[in-house]
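Q: Residues per chain, in single letters:
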Amino acid sequence: MSSAGDYTVDELMVATLARQLADDDQVVNGAASFIPVCAFSLARATHAPKLVWLAGAVGLDARPRRVPASTLEAPLWHRSSMYMPQLEDFWSYALNGRWLTKFCVRGAQIDRHGNANNSVIGTDYHAPKVRLPGSAGLGDMGSIGKRLLYWTTTHNPRTLVERVDFITCAGWLDGGSSRADLGLEGGPEIVITNLAVLDFEPESKRMRLRSVHPGVSVPEVISQTGFELVIEGEVPQTEPPTPQQVQLIREQIDPDGARRREFGG
Amino acid sequence: MSAAEAVEMIGDGAHVAVQSMGTQGIPMTLVRELIRQRRRELTITSVVAGIGIDWLAFAGVMNRFCGPIVSMERFGLCQGFRQGVQDGRIEFEEYSETGILARLQAGARNLPFGITRGMIGTDLPGLHPDTIAEIEDPFSGERVLACRRLNPDVCLLHAHRADPLGNIQYDGGTIWPDVQIYPKACGKTIVTVEKIISEEQVRQRPHETVIPHFAVDAVVEAPHGCHPTSFFPDYVYDEAFHERWVSLSRSPEQAQQEIERLCGAGSQSEYLKLIGEDALQKTRSWREIA
Numbered sequence: 003m004s005s006a007g008d009y010t011v012d013e014l015m016v017a018t019l020a021r022q023l024a025d026d027d028q029v030v031n032g033a034a035s036f037i038p039v040c041a042f043s044l045a046r047a048t049h050a051p052k053l054v055w056l057a058g059a060v061g062l063d064a065r066p067r068r069v070p071a072s073t074l075e076a077p078l079w080h081r082s083s084m085y086m087p088q089l090e091d092f093w094s095y096a097l098n099g100r101w102l103t104k105f106c107v108r109g110a111q112i113d114r115h116g117n118a119n120n121s122v123i124g125t126d127y128h129a130p131k132v133r134l135p136g137s138a139g140l141g142d143m144g145s146i147g148k149r150l151l152y153w154t155t156t157h158n159p160r161t162l163v164e165r166v167d168f169i170t171c172a173g174w175l176d177g178g179s180s181r182a183d184l185g186l187e188g189g190p191e192i193v194i195t196n197l198a199v200l201d202f203e204p205e206s207k208r209m210r211l212r213s214v215h216p217g218v219s220v221p222e223v224i225s226q227t228g229f230e231l232v233i234e235g236e237v238p239q240t241e242p243p244t245p246q247q248v249q250l251i252r253e254q255i256d257p258d259g260a261r262r263r264e265f266g267g
Numbered sequence: 002m003s004a005a006e007a008v009e010m011i012g013d014g015a016h017v018a019v020q021s022m023g024t025q026g027i028p029m030t031l032v033r034e035l036i037r038q039r040r041r042e043l044t045i046t047s048v049v050a051g052i053g054i055d056w057l058a059f060a061g062v063m064n065r066f067c068g069p070i071v072s073m074e075r076f077g078l079c080q081g082f083r084q085g086v087q088d089g090r091i092e093f094e095e096y097s098e099t100g101i102l103a104r105l106q107a108g109a110r111n112l113p114f115g116i117t118r119g120m121i122g123t124d125l126p127g128l129h130p131d132t133i134a135e136i137e138d139p140f141s142g143e144r145v146l147a148c149r150r151l152n153p154d155v156c157l158l159h160a161h162r163a164d165p166l167g168n169i170q171y172d173g174g175t176i177w178p179d180v181q182i183y184p185k186a187c188g189k190t191i192v193t194v195e196k197i198i199s200e201e202q203v204r205q206r207p208h209e210t211v212i213p214h215f216a217v218d219a220v221v222e223a224p225h226g227c228h229p230t231s232f233f234p235d236y237v238y239d240e241a242f243h244e245r246w247v248s249l250s251r252s253p254e255q256a257q258q259e260i261e262r263l264c265g266a267g268s269q270s271e272y273l274k275l276i277g278e279d280a281l282q283k284t285r286s287w288r289e290i291a
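Protein chains in written order, with the working numbering: chain Y, 3 to 267; chain V, 2 to 291.
Just so you know, these hints were derived from the structure itself, not from any lab. Check the hints yourself; a few may be wrong.
[Said to hold, decoys possible] Some chain Y residues flagged as far from chain V (calculated, every beta-carbon gap over 12 angstroms):
| # | residue |
| --- | --- |
| 1 | Ala6 |
| 2 | Thr10 |
| 3 | His49 |
| 4 | Pro51 |
| 5 | Val122 |
| 6 | Pro130 |
| 7 | Asp142 |
| 8 | Thr170 |
| 9 | Arg181 |
| 10 | Asp183 |
| 11 | Gln226 |
| 12 | Gly228 |
| 13 | Gln239 |
| 14 | Thr244 |
| 15 | Glu253 |
[What the hints assert, rightly or not] Label-pair ranges, simulated between beta-carbon atoms:
| # | chain 1 | residue 1 | chain 2 | residue 2 | range |
| --- | --- | --- | --- | --- | --- |
| 16 | Y | Glu234 | V | His208 | 56 to 64 angstroms |
| 17 | V | Ser252 | Y | Ala24 | 48 to 56 angstroms |
| 18 | V | Gln87 | Y | Val232 | 32 to 40 angstroms |
These numbers come from a predicted model, not from an experiment. For each residue, glycine too, the CB sits at the ideal point set by N, CA and C.
Starting from the given sequences, assemble the full structure and let the hints guide the process.
A: Set out below in structure tokens:
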């Protein structure tokens, strides 16, 4: 058994994300989503045993023996109860509105209103400074009523920007009622980073600092954020993972440390 | 038919839809043949393009990608493709997944456009005045996006089995959208298969047939034809191969040498000899580690 305080930031992020998931939630993971996949497994092993998980958008309620080196490939959807055909079945269940209501998003850029960019860095789309991988399903998930849970392991002014260079995933758009004005439901609810947990102020839809991780100061978070955060009163500390959660992550869920692929390298 | 004969059906400037899901299921035998035959100015469509598109980009075969994402997943960005886009040699016509699928579904069903609620509020529709337009639902007045039909000239697929007629069988269901949509939307369909079996064997297991012979124009036998990508449930991706590629592809010269070496193999069996049985066997034994 690990002792209290014996954990690393990846484990804290996994436990924090797991707490956002309820027993009656249904989730799906995309590419290179190690923190979400660990969080889904942790939630299922603790408070949310009935959490429905469509592994790699293919494997229903997969039971991989451990988190493998890819979150899209067959080893992840090992021992599933169904392989979901993507064209008709996956997209119909995802678009229908009744199912798969939460979706985890990692953006190369995330802005103060929770819009995300995975397309291009630079102001000219056709002559980008950096060509990023592209929308994949993000260009859909932000627009079809999903409750978006963001995560990033690089909380710095290059990732958390005033305004994304390109909106690949629709967040709260220009803030306020701008998202609702377009008829869009759902939207970003939380941002879990390597430094802090953030959400969105209900009226302005501006990003708000909700807690800082143990050992991180509020001024540090402010200096690592590319825009002015909403800060209301005393900012509490993020609840650390319990020794039981840490043990589950290390020994049962992800003994190979796939989750650390998301940090550097 | 040989891979060379099949690929001769594809002309310069063609729009080619390629089965691909990141590190999974790319018909690499046909990709290498496109490079060997020095095709030029192709437009490529994939749902999740991977290492195959990186080779086509480095080899100067393509100048446009039409789809949602180019990524080798855990192995990162495709450097040849990315550099090509940044230098202006390759255009990335970017859609969300439901956007490109709506376009192909319309093409499959001979309709002028498909519709989606995806992409609303993003900057993606604004990139495509000629193919994406906001329209009003005539019944409720709701705003949705019309996605203009797309009919690529040809598609390249890899399947588990085919009979001599061209009935195509897949194991594990039709997980990937490519398999279900490309043969219906594309002018021609070329399929490599792990194995050619008899018509009688197909008749014993018709539930495994997912593409009817009348929609198939060419079948090529190519065992391990997705290498270095995976082909569920037969084999996983070749990890060492991808890692070597990630390192080589930092240098365009080294990347081109590697592509020339691998595309020099005149047949699938010659190619597999270059890769070596040890490496292939490792990809077949994935269940032991899963």
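Q: For every hint, state whether the structure bears it out.
A: Evaluated hints:
Every beta carbon of chain V lies more than 12 angstroms from that of Ala6/Y, the smallest distance being close to 33 angstroms; the non-interface claim holds. In this structure Thr10/Y is separated from chain V by more than 12 angstroms, as the shortest Cβ-Cβ distance comes to about 20 angstroms. With a least CB separation of 26 angstroms from chain V, His49/Y remains clear of the 12 angstroms interface cut-off, as annotated. Non-interface status of Pro51/Y relative to chain V is upheld: no Cβ of that chain comes within 12 angstroms, the nearest being about 22 angstroms off.
The beta carbon of Val122/Y sits about 9 angstroms from the closest Cβ of chain V, which is not more than 12 angstroms, so the claim that it is off the interface is violated. The non-interface label for Pro130/Y is inconsistent with chain V: the shortest C-beta to C-beta separation is roughly 6 angstroms, within 12 angstroms. Once the 12 angstroms rule is applied to beta carbons, Asp142/Y is inconsistent with being away from chain V; the minimum gap is 3 angstroms. Listed as outside the interface, Thr170/Y is inconsistent with that label: its C-beta sits roughly 6 angstroms from the nearest C-beta of chain V, within the 12 angstroms cut-off.
Interface exclusion of Arg181/Y from chain V breaks down, the closest Cβ pair being 7 angstroms apart, not more than 12 angstroms. The non-interface label for Asp183/Y is inconsistent with chain V: the shortest C-beta to C-beta separation is roughly 10 angstroms, within 12 angstroms. The claim that Gln226/Y is not at the interface with chain V holds, since no C-beta of that chain comes within 12 angstroms of its own (minimum 24 angstroms). For Gly228/Y, the requirement that its beta carbon stay farther than 12 angstroms from each beta carbon of chain V is met, with the minimum near 19 angstroms.
No beta-carbon of chain V is positioned within 12 angstroms of the beta-carbon of Gln239/Y; the least distance is around 33 angstroms. Every CB of chain V lies more than 12 angstroms from the CB of Thr244/Y, the least distance being 29 angstroms, so the non-interface label holds. For Glu253/Y, the shortest C-beta to C-beta distance to chain V comes to about 18 angstroms, beyond the 12 angstroms cut-off, and the non-interface label holds. Taking the beta carbon of each, Glu234/Y and His208/V are about 59 angstroms apart, inside 56 to 64 angstroms as hinted.
Take Ser252/V and Ala24/Y: their Cβ atoms lie about 49 angstroms apart, and the range 48 to 56 angstroms holds. At about 36 angstroms, the beta-carbon gap between Gln87/V and Val232/Y stays in the expected band of 32 to 40 angstroms.
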